[in-house]
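Kindly generate the complete structure, drawing on both the sequences and the hints.
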Amino acid sequence: DLNDKAGQFFNSGHTNNWAVLVCTSRFWFNYRHVANTLSVYRSVKRLGIPDSRIVLMLADDMACNHRNPKPATVFSHKNMELNVYGDDVEVDYRGYEVTVENFLRVLTGRLPASTPRSKRLLSDDRSNILIYLTGHGGNGFLKFQDSEEISNVELADAFEQMWQKRRYNELLFIIDTCQGASMYERFYSPNLMALASSQVGEDSLSHQPDLAIGVHLMDRYTFYLLEFLEDIHPSSTTNMNQLFKVCPKSQCVSTPGHRTDLFLRDPGRVLITDFFGSVRKVEITMETINLSSPMEPLPER
Amino acid sequence: IANSYNRPTLIQLQNTREEEEEQQTTAQQEEQTKRWEATELEEEHVHDAAVPPLAGDPPAADPPSPPPSKDDFQEELVIRPLHSGDIYASFQFRTVWDADFMGDQKVSHYRLFPKSLGQVITKFSVRELHISFTQGYWRTMQWGQPYLPSPPGAELWVWFQDTVTDVDGTWKELTNVLSGIFCASLNFIDSTNTVQPSASFKPLGIGNVTDHSFLRYATLPREIVCTENLTPWKKLLPCGSKAGLSVLLKSEKLFHSTFHSQAVHVRPVCQDPQCRTTSMELRQTLNVVFDLHTSGQGKREWSLFKMFSRTLTEACPLASSSKVYVDVTDNPQGEQFELSPATPLLTQAVVLGDRRTYSVYDLTQQASFGSSRSLNMLLRWKMLRPLLHSERYVAGYGLQAGEIHTLIYNHHPYRAFPVLLLSAVPWYLRLYIHTLTVSSKGKDNRPSYIHYQPSKDRERPHLLEMLLQLPPNSVTEVTVEFERALLKWTEYTPDPNHGFYVGSSVISALVPSVVAMDTNSTLDRPLFSSFFPCKEEASYFMRVYTEPLLVNLPTPDFSMPYNVICLTCTVVAVGYGSLYNLLTRTFQVDEPSPGLAKRIANVIRRFRGVPLL
Numbered sequence: 001d002l003n004d005k006a007g008q009f010f011n012s013g014h015t016n017n018w019a020v021l022v023c024t025s026r027f028w029f030n031y032r033h034v035a036n037t038l039s040v041y042r043s044v045k046r047l048g049i050p051d052s053r054i055v056l057m058l059a060d061d062m063a064c065n066h067r068n069p070k071p072a073t074v075f076s077h078k079n080m081e082l083n084v085y086g087d088d089v090e091v092d093y094r095g096y097e098v099t100v101e102n103f104l105r106v107l108t109g110r111l112p113a114s115t116p117r118s119k120r121l122l123s124d125d126r127s128n129i130l131i132y133l134t135g136h137g138g139n140g141f142l143k144f145q146d147s148e149e150i151s152n153v154e155l156a157d158a159f160e161q162m163w164q165k166r167r168y169n170e171l172l173f174i175i176d177t178c179q180g181a182s183m184y185e186r187f188y189s190p191n192l193m194a195l196a197s198s199q200v201g202e203d204s205l206s207h208q209p210d211l212a213i214g215v216h217l218m219d220r221y222t223f224y225l226l227e228f229l230e231d232i233h234p235s236s237t238t239n240m241n242q243l244f245k246v247c248p249k250s251q252c253v254s255t256p257g258h259r260t261d262l263f264l265r266d267p268g269r270v271l272i273t274d275f276f277g278s279v280r281k282v283e284i285t286m287e288t289i290n291l292s293s294p295m296e297p298l299p300e301r
Numbered sequence: 001i002a003n004s005y006n007r008p009t010l011i012q013l014q015n016t017r018e019e020e021e022e023q024q025t026t027a028q029q030e031e032q033t034k035r036w037e038a039t040e041l042e043e044e045h046v047h048d049a050a051v052p053p054l055a056g057d058p059p060a061a062d063p064p065s066p067p068p069s070k071d072d073f074q075e076e077l078v079i080r081p082l083h084s085g086d087i088y089a090s091f092q093f094r095t096v097w098d099a100d101f102m103g104d105q106k107v108s109h110y111r112l113f114p115k116s117l118g119q120v121i122t123k124f125s126v127r128e129l130h131i132s133f134t135q136g137y138w139r140t141m142q143w144g145q146p147y148l149p150s151p152p153g154a155e156l157w158v159w160f161q162d163t164v165t166d167v168d169g170t171w172k173e174l175t176n177v178l179s180g181i182f183c184a185s186l187n188f189i190d191s192t193n194t195v196q197p198s199a200s201f202k203p204l205g206i207g208n209v210t211d212h213s214f215l216r217y218a219t220l221p222r223e224i225v226c227t228e229n230l231t232p233w234k235k236l237l238p239c240g241s242k243a244g245l246s247v248l249l250k251s252e253k254l255f256h257s258t259f260h261s262q263a264v265h266v267r268p269v270c271q272d273p274q275c276r277t278t279s280m281e282l283r284q285t286l287n288v289v290f291d292l293h294t295s296g297q298g299k300r301e302w303s304l305f306k307m308f309s310r311t312l313t314e315a316c317p318l319a320s321s322s323k324v325y326v327d328v329t330d331n332p333q334g335e336q337f338e339l340s341p342a343t344p345l346l347t348q349a350v351v352l353g354d355r356r357t358y359s360v361y362d363l364t365q366q367a368s369f370g371s372s373r374s375l376n377m378l379l380r381w382k383m384l385r386p387l388l389h390s391e392r393y394v395a396g397y398g399l400q401a402g403e404i405h406t407l408i409y410n411h412h413p414y415r416a417f418p419v420l421l422l423s424a425v426p427w428y429l430r431l432y433i434h435t436l437t438v439s440s441k442g443k444d445n446r447p448s449y450i451h452y453q454p455s456k457d458r459e460r461p462h463l464l465e466m467l468l469q470l471p472p473n474s475v476t477e478v479t480v481e482f483e484r485a486l487l488k489w490t491e492y493t494p495d496p497n498h499g500f501y502v503g504s505s506v507i508s509a510l511v512p513s514v515v516a517m518d519t520n521s522t523l524d525r526p527l528f529s530s531f532f533p534c535k536e537e538a539s540y541f542m543r544v545y546t547e548p549l550l551v552n553l554p555t556p557d558f559s560m561p562y563n564v565i566c567l568t569c570t571v572v573a574v575g576y577g578s579l580y581n582l583l584t585r586t587f588q589v590d591e592p593s594p595g596l597a598k599r600i601a602n603v604i605r606r607f608r609g610v611p612l613l
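In order, the protein sequences belong to chains A and B.
The opening position of the first sequence corresponds to residue 1 in our numbering, with each subsequent residue numbered one higher.
The opening position of the second sequence corresponds to residue 1 in our numbering, with each subsequent residue numbered one higher.
None of these hints come from the bench; they were simulated from the model.
None of these values were measured; they are calculated from a predicted model.
Glycine included, every Cβ here is placed at the ideal spot set by N, Cα and C.
You may find that some hints are simply not true.
Here are some chain A residues the structure puts well away from chain B; computed CB gaps all over 12 Å [said to hold, decoys possible]:
#	residue
1	His66
2	Gly86
3	Lys165
4	Asp203
5	Pro209
6	Gln242
7	Ser250
8	Gln251
Okay, the calculated bits of chain B under chain A, using three or more residues with CB under 8 Å as the criterion [said to hold, decoys possible]:
#	stretch
9	182-190
10	245-253
This is the structure we're talking about:
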């Protein structure tokens, strides 16, 4: 048992966490997609990933939209208890900048030289990355801003580029759109785990409308995902198998799906905080190091 | 105190205006010797070349002794009530960076100046940087001029140093870097929306630059401002959003406003009067206008808590000066609004060509916060307080009975005076005079004279006249119960469900005043002041009318469709139904009912399934 625990401690092999959260829909009636992305952003920040490690892409502004009766807020439920927009939000790509090209450039790292750090995914081969996409989609594609689409083939190829350039250690891909499972059908790179809110041929449905704001506030899958994540704290040991059970058909009306065949570890041994949080591993040493003495260079080999 | 309730008549104004002016100036001078801050600023601004005088700007920390060789931070908030009932708050945070750019020193040590901006300025050789994000449009005709104007959307203009060789390339890189710092889409600024103004945007800092090839200007009118732009802006402040004036910057209130603008201005300034060394000055400004109806809920009463949902508890410990200014120029004697807590400090400043007066709260003094350790300024507009005022309404429910309540307000602080109340109530509201009650301040108040003439149905109305003594500063309530009458069906108006009107009550009174009214000379007096003759010196005649009442009487249902349906259905049922019955009914001979024994036998046979007897 002690060996098992020790094994768990060193198991995942990642040293840093990144998150790429994308909302691809424009227009006021797609308020729920922005709310979806912001609730995942909020959970991820709460569990420890800092803004410098999050690339947040929102295709439209809902909080300060002139149709929003409560400016600077985005709510996830009509009881208006939780303002997922918060007071301390940093959006990296907003408005017209959220395009397929920019998304793929962020993933593969092929950005123009003058791109600031906050807009780059500076991951390395020991990074665990969480990618969350939401918007309107179909069988094999996801719509960006009502004007272009990304196909599942492009996405799979982008992940393969990332793998070949050693830009991730493990990657968790979550998508909340109609027919979301089609987006992960074509993946072929190792160490990818994917979750989707609905199978091919099914629509993902929204949760409930709020009559004061006038639009649907959130999608069902992400609503129950947020509820699930609110119970997670940085030291919890919940594993991925529980994440797969989020939002069964009775609550979601669609059937959420997942794919773990490309993932090398057993999902039952993968902690939620491996992807959603940024848990630092601390090694305690009993040696003392004298910091005031000059450092000696290592001997030549 | 009696003077404050004096409604000035034109005569008084004409005669005594000069006297009053003299009084005011002497009072001001007196105040000046006692309470005014040192405010003469004009000399200090000589070295800052075309600097527009910024509101209430105290002189930079330039004492006559050698200049301090470290960074300096000042914060201030100016609150200006606007004529339309809105309120304008302008924050300015000024950080002076003690680093000389004219020389060739490499800067690597950052104290108060934010490192992200400092690195940008050094790397791209920026001389001046002005960037603003605005949501909303400044309505000059309603609000006057802003302290720092800005266009809607994002605006960026930059003067580069003359050591830069490729200005366009540097400009492109600079916009990308700034888009990362401020979370805005400034990377959409490129050659298609950048211009090089040849005369308009002269440098606001020191320096005599004429070569406009180092200037670039661009605007993005579609840029949205939201919390994601405010967050990095707040992170540039030395105290962040934790202490000082920046605790007031809460996005939920700031974006629920008619106008919101945040800007960053960086420019070189002189450090000493002789301008031997220069330093970089960073001004972060935030202007916001709160609307009377959306944020103010329609009430002309503003406080820091109402505007920002926070109060001030301390100054930023890194600030050398932390002040709040409230514009009281339109309120010299305190007659338009009342500012609390009162402050003895006043300052004057010339802003946009106009000399304005400000009340100052110095947050570095512990005394400003009072005993509750928090400062919440309250501006309350003085309501008009006429001495005599009345209201009337109907109380009760249903269509049988009700009550008429008449409220008479006496706002004089210490004088009581009598009023005559006349009520004429139509005959169909049958008043029960035995239920008449008059009470002031909760206690019974017996009228000294009552004249009542009861009504006669369809002949005359009720007449009730009473002489009441109104105690000072009180509300007197007259209540009487009534019952509604059922009129004859011809007496109803064509629209009976509208209701029936009861005319206004009349209140006639001699209201105390101190002005001598001369009844003899009616010349040279405006008509409105000479209508009612008045002999008493200490009071004037006034008549006040209450609202009319609209009362519903029990009304039969006159609606035509209802009546037609009833009538038609009755005719059809009775007429046609009888005819149908007559035509289709068949008659059978019925045998007399059998005896008891036979009936029981029939029941048993029915059980057995055998034919009956």
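*Can you list which hints this structure breaks, lowest number first?*
1 and 2
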